[in-house]
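Chain B: place on chain A using the hints.
Protein chains in written order, with the numbering used here: chain A, 275 to 396; chain B, 2 to 114.
There may be inaccurate statements among the hints.
Here are the simulated lysine to any residue pairs, SDA-like style, with alpha carbons at most 25 Å apart [what the hints assert, rightly or not]: (1) B/43 <-> A/280; (2) B/69 <-> B/113; (3) A/315 <-> B/41; (4) B/43 <-> A/296; (5) A/315 <-> B/113; (6) A/315 <-> B/69; (7) B/43 <-> A/279; (8) A/294 <-> B/67; (9) A/315 <-> B/4; (10) B/43 <-> A/395; (11) B/43 <-> A/328; (12) B/43 <-> A/276; (13) A/315 <-> B/46; (14) B/43 <-> A/303; (15) A/315 <-> B/83; (16) B/43 <-> A/360; (17) B/43 <-> A/329; (18) A/340 <-> A/392; (19) B/59 <-> A/317; (20) B/59 <-> A/372; (21) B/69 <-> A/317; (22) B/43 <-> A/283; (23) A/315 <-> B/40; (24) B/59 <-> A/277.
Some residues of chain B that are not near chain A, with every Cβ distance over 10 Å (derived) [what the hints assert, rightly or not]: (25) 27; (26) 28; (27) 59; (28) 60; (29) 67; (30) 73; (31) 86; (32) 113.
If you're looking for bench data, these hints aren't it; they were derived computationally from the structure.
Just so it is clear, CB atoms sit at the ideal spot from N, CA and C, and this is done for glycine as well.
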Amino acid sequence: GAVVSQHPSWVICKSGTSVKIECRSLDFQATTMFWYRQFPKQSLMLMATSNEGSKATYEQGVEKDKFLINHASLTLSTLTVTSAHPEDSSFYICSAREVRASGDFSSSYEQYFGPGTRLTVT
Amino acid sequence: AQSVTQLDSHVSVSEGTPVLLRCNYSSSYSPSLFWYVQHPNKGLQLLLKYTSAATLVKGINGFEAEFKKSETSFHLTKPSAHMSDAAEYFCVVTRGYGQNFVFGPGTRLSVLP
Numbered sequence: 275g276a277v278v279s280q281h282p283s284w285v286i287c288k289s290g291t292s293v294k295i296e297c298r299s300l301d302f303q304a305t306t307m308f309w310y311r312q313f314p315k316q317s318l319m320l321m322a323t324s325n326e327g328s329k330a331t332y333e334q335g336v337e338k339d340k341f342l343i344n345h346a347s348l349t350l351s352t353l354t355v356t357s358a359h360p361e362d363s364s365f366y367i368c369s370a371r372e373v374r375a376s377g378d379f380s381s382s383y384e385q386y387f388g389p390g391t392r393l394t395v396t
Numbered sequence: 002a003q004s005v006t007q008l009d010s011h012v013s014v015s016e017g018t019p020v021l022l023r024c025n026y027s028s029s030y031s032p033s034l035f036w037y038v039q040h041p042n043k044g045l046q047l048l049l050k051y052t053s054a055a056t057l058v059k060g061i062n063g064f065e066a067e068f069k070k071s072e073t074s075f076h077l078t079k080p081s082a083h084m085s086d087a088a089e090y091f092c093v094v095t096r097g098y099g100q101n102f103v104f105g106p107g108t109r110l111s112v113l114p
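Chain A extracted, bound-state conformation (with noise of 0.2 Å):
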């Protein structure tokens, strides 16, 4: 149980396209999903926090309007990367965390990842 699957798996885009990178949780609910972004050799850098059927929370430094995200429901978020620029090449990463009414708290903590979209804008 927990998967996450996030969809393209590598794009190749134009410079000033938007892409759009989708992450779902595949057999759980999860209220908060989490973007994060990974350069080569680095660690992941939390982009933003996504509640469903809230506004994100993005983390400073991260541009609102060109990394958009949305999460219209509980097995979806979505982050688009507007008017793409090389700079924006990286392997981007979702997390998904489950609703969990009671039980079990100790699984309360975790994140559960998804395989990461590999982003190259030429």
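Leaving out everything else, chain B in the frame of chain A:
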């Protein structure tokens, strides 16, 4: 504020020898701690987690970690390295449910034949 230090950016071991990946954290609260592994161009896989239960945590693929509050450490160990263990390892701290994850810088593990 929370932070994570992974003391070694790169660790190299021979196949069959023990693995030690070090992690120290800073947290004002009782933390939850995780170790994730990332193989090249892949997502993250959870190895193990500590969430205020037993201090010695056993994970998948023979890995384990011990939470030592006095040393603010959560080092990852494995008795015998396998070639398939070569990957990037991230130590993560969170303050608890509803709080963001804070990632360490990562340690690249190489396993020599």
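Run the distance test for residue 315 of chain A versus residue 46 of chain B: straight-line Cα separation, threshold 25 Å.
holds, 17 Å
Has the given pair, residue 315 of chain A with residue 69 of chain B, been kept, meaning a C-alpha gap of at most 25 Å?
violated, 28 Å
Outside-interface status for residue 60 of chain B - nearest CB in chain A farther than 10 Å:
Label holds. Min Cβ-Cβ 13 Å, cutoff 10 Å.
Run the distance test for residue 59 of chain B versus residue 277 of chain A: straight-line Cα separation, threshold 25 Å.
Holds, at about 22 Å.
Starting from residue 315 of chain A, check that the Cα of residue 83 of chain B is at most 25 Å away, please.
holds, 22 Å
Checking one constraint from the list: CA of residue 43 of chain B to CA of residue 303 of chain A, max 25 Å. Satisfied?
At roughly 23 Å apart (the allowed maximum being 25 Å), residue 303 of chain A and residue 43 of chain B satisfy the hint.
Does the claim that residue 28 of chain B lies outside the interface with chain A hold up, using a Cβ gap greater than 10 Å?
Since the minimum Cβ distance to chain A is about 13 Å, residue 28 of chain B lies beyond 10 Å and the statement holds.
Is residue 43 of chain B within 25 Å of residue 296 of chain A, Cα to Cα?
Answer holds: residue 43 of chain B to residue 296 of chain A is near 16 Å, not above 25 Å.
Would the least Cβ to Cβ distance between residue 86 of chain B and chain A come out above 10 Å?
Given that every Cβ of chain A is farther than 10 Å from that of residue 86 of chain B, nearest at about 18 Å, it holds.
Hint consistency between residue 315 of chain A and residue 113 of chain B [alpha-carbon to alpha-carbon, up to 25 Å]
holds, 20 Å
Please work out if residue 315 of chain A and residue 40 of chain B have their alpha carbons no farther apart than 25 Å.
holds, 12 Å
For residue 73 of chain B, which was marked as not at the interface, is the minimum beta-carbon distance to chain A over 10 Å?
Residue 73 of chain B is indeed farther than 10 Å from all Cβ atoms of chain A, at 18 Å.
Checked against the numbered hints listed earlier, the structure breaks hints 2, 6, 8, 11, 17; every other hint is satisfied.
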